[in-house]
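*Asks:* All chains, please: the whole structure from these sequences, using the hints.
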Amino acid sequence: MAVLRYVIWYQEGRLHVPSIKYEDVEMNNQRRSDRFFLSFMIILPLFLTVTNIAFVNAAENKTLTKEDRVAMGNHLFETKQCSYCHNSENIKKEQVPDLERWKELSSPVLWAAIMWNHVPEMVKAFTEAKKGIPKFENDELIYIFESLNTASEKHAQIKFTGNASRGSFLFSYLGCKVCHSINGEGGRVGPSLSGIAKNGGDVLRFASQLLSHAPYMCDKIEMQNMYWPMLQGNEIAHLFEYFKSVSNSVELRRSR
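Reminder that position 24 of the sequence shown reads as 24 in UniProt numbering, one-by-one numbering, no gaps.
If you are wondering where the hints come from, they were derived from the structure by calculation, not from laboratory data. Keep in mind that a hint or two might mislead.
Claimed, not checked - With a straight-line Cα cutoff of 25 Å, these simulated DSS-like cross-link-like pairs (lysine-lysine) come out:
1) 159 <-> 66
2) 124 <-> 135
3) 124 <-> 220
4) 80 <-> 124
5) 220 <-> 135
6) 80 <-> 177
7) 80 <-> 131
8) 66 <-> 131
9) 135 <-> 66
10) 80 <-> 130
11) 220 <-> 177
12) 135 <-> 80
13) 66 <-> 80
14) 130 <-> 220
*Replies:* And the structure:
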């Protein structure tokens, strides 16, 4: 590419007619292109970082629309390899819970209970397939539950009312106390659960916390010669109310 440059000069008492010089500026264009590319490569990571932070903040602030959460749940169902066993033609239907039956359920807490009861088989299946056990963070399980709830034929969710006294009984009856402690009383194999509900929250987020922790409990429970504790949806609600009451009592004592 070339440009025209007009040159006018005065010499020996006369004005010379403008002459035209052609200057090749390909090198200048290349330098300009390099500077643009360098600027782009600097700005792009910054833009992606800001965009990601904005997305995470939106999720944490619960500003995602229902459609966004459902789409996220569908995406996680695939990326977390849930579909490897569920909805797979390579796995015998009798070996995994039938998700079609889940459409009859109208509460994510019930789904959480079913998933909890399924954890030992799930861990075994992933181990035999030499696949990593999926790890869930933040509200990822909640998004999956919400996407499944959208597929439910019953859109009105069942609301479970937990009972702290019943939760206290279940904490001992189910064997939770063997590994976990409350206010210093109980086992030391697992972490203390005194503050698990200190920030309040809701029963579904609590259920999500339990499920995220569940795969790591399998070996510990086997070492204790214990059976895997089976849960129902209302029992998750009872445990949540118990942990919440414990957290509230701890905060009350600290404030005095």
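*Asks:* So if I understand the rule, the pair passes when the alpha-carbon distance is 25 Å or less; does residue 159 with residue 66 pass?
*Replies:* 19 Å, holds
*Asks:* If you draw a straight line from the CA of residue 130 to the CA of residue 220, is it 25 Å or shorter?
*Replies:* This hinted pair holds, its Cα atoms lying about 21 Å apart.
*Asks:* Take a quick look at whether residue 220 and residue 177 sit within 25 Å of each other, Cα to Cα.
*Replies:* Answer holds: residue 220 to residue 177 is near 13 Å, not above 25 Å.
*Asks:* Between residue 124 and residue 220, is the straight-line Cα distance small enough, at 25 Å or below?
*Replies:* Distance of about 15 Å is within 25 Å: holds.
*Asks:* Between residue 80 and residue 130, is the straight-line Cα distance small enough, at 25 Å or below?
*Replies:* Roughly 15 Å separates the two Cα atoms, so the pair holds.
*Asks:* If you draw a straight line from the CA of residue 135 to the CA of residue 66, is it 25 Å or shorter?
*Replies:* Satisfied, since the Cα-Cα distance of roughly 23 Å is no more than 25 Å.
*Asks:* For the pair we were handed, residue 66 and residue 80, check the Cα-Cα distance against 25 Å.
*Replies:* 20 Å, holds
*Asks:* Does the alpha-carbon distance linking residue 80 and residue 131 stay inside the 25 Å limit?
*Replies:* Holds - the C-alpha atoms of residue 131 and residue 80 are around 11 Å apart, at most 25 Å.
*Asks:* Take a quick look at whether residue 220 and residue 135 sit within 25 Å of each other, Cα to Cα.
*Replies:* 18 Å, holds
*Asks:* Is it true that the CA of residue 80 sits at most 25 Å from the CA of residue 124?
*Replies:* 16 Å, holds
*Asks:* Can the restraint linking residue 80 and residue 177 be considered satisfied, given a maximum Cα separation of 25 Å?
*Replies:* Distance ~31 Å between residue 80 and residue 177 Cα, so the pair is violated.
*Asks:* Please verify whether residue 124 and residue 135 have alpha carbons no more than 25 Å apart.
*Replies:* Roughly 15 Å between the alpha carbons, so the hint for residue 124 and residue 135 holds.
The structure fails to meet hints 6, 8 from the earlier list, while all remaining hints are met.
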